[in-house]
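Enquirer: So the sequences go chain by chain: A and B. Just so you know, we're using my numbering here: the first sequence kicks off at 4 and counts up by one. Just so you know, we're using my numbering here: the second sequence kicks off at 4 and counts up by one.
There may be inaccurate statements among the hints.
Since the list can't tell identical chains apart, any single copy or any two copies may satisfy a pair.
[Claimed, not checked] Using 20 Å as the maximum straight-line C-alpha spacing, the simulated SDA-like pairs for lysine to any residue come out as follows:
{"id": "1", "residue 1": "Lys114", "residue 2": "His54"}
{"id": "2", "residue 1": "Lys156", "residue 2": "Leu124"}
{"id": "3", "residue 1": "Lys114", "residue 2": "Pro149"}
Hints were generated in silico from the structure; no laboratory data involved.
There are 2 protein chains.
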Amino acid sequence: MASTEIDDNCNMQINAFSDYALRILMYLMVNGDRLVTSREIATSYDLSFDHIAKAAQFLSRHGYVSAIRGRSGGLQLSQRPTDISIGEVLRLTEAGSGLVECMRAGPTHCKLANVCGLAPLLTEANEAFFQTLDQKTLADAVPHAPALLNALKPCSDNV
Amino acid sequence: MASTEIDDNCNMQINAFSDYALRILMYLMVNGDRLVTSREIATSYDLSFDHIAKAAQFLSRHGYVSAIRGRSGGLQLSQRPTDISIGEVLRLTEAGSGLVECMRAGPTHCKLANVCGLAPLLTEANEAFFQTLDQKTLADAVPHAPALLNALKPCSDNV
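Chain A on its own, in the form it takes in the complex (with noise of 0.2 Å):
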């Protein structure tokens, strides 16, 4: 007997794609007004490309990082530090999914769906993780720029 609605290797984790956001958005805060390509933001964290290069258009698409086209192009954040919230950024890029399976889109297959009262009380608690989350800016999340580009240092010069 096979469980079809538990993913047994999942645990409670900000998804891949939210850790490779706020990454780019903490590597743009320290670069300041310098350009850098989301080349150079994978180099340095030794992350896909890929991933980077989507997850920077996304940030753009959502007006948080200009993309600037062109050989000497590059990105860059398009607001200040102190005003991009981190839980807004989150609530966008964790949109979907779903403390427990019945919390996700599509269908379900938990048979307690319509009668089970877990999920309004996941619902506010995860409300309670993004409010707090809310309240937090960028600017909170590197205390200490300086000390996070020397961090990033050693693979940034070698783009």
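Starting from the known structure of chain A, arrange chain B on it as the hints suggest.
Expert: Just chain B now, kept in the frame of chain A:
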């Protein structure tokens, strides 16, 4: 270039073990004093017996469930549903999950680990999540016990 530290497949969702544990508690609650076996619970939910049995042992070890041995033995709640905190259970079953890699046990591969301010923010948000659920009980998660019992019936009748 491949990411070693980000799991592309995971979203922010409670882990399978938590899901199993909560389902067992709900099942035992609606069955009142009747002793039920892990096999009956697994069959009713159409879930893996091994996983249900493991989660049941965990709940027994932590004092939520009494396991009566023998031919007519089985499981029952060892606390009143109004005394079982959902937050307390999830804090146990989610222990070590960690929203991002540096919040989990073991070495971190993230270059920002020592200079990033994200983990404390996520920890605070995570605590708000659990605090909301600390005040919710198993009884809150099962507002309509007869309806839930009924939803599980077609399978439990076959056991």
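Enquirer: Between the shortest in-copy and the shortest cross-copy C-alpha distance, which are at most 20 Å for lysine 156 and leucine 124: within, between, both, or neither?
Expert: For lysine 156 and leucine 124, the Cα distance exceeds 20 Å both inside one copy (44 Å) and across copies (24 Å).
Enquirer: For lysine 114 and histidine 54, with the copy left unspecified, which applies at a CA distance of at most 20 Å: within, between, both, or neither?
Expert: between (36 Å within a copy, 18 Å between copies)
Enquirer: For lysine 114 vs proline 149, is the C-alpha pair at or below 20 Å within one copy, between two copies, both, or neither?
Expert: between (53 Å within a copy, 14 Å between copies)
Of the numbered hints stated above, the single one contradicted by the structure is hint 2.
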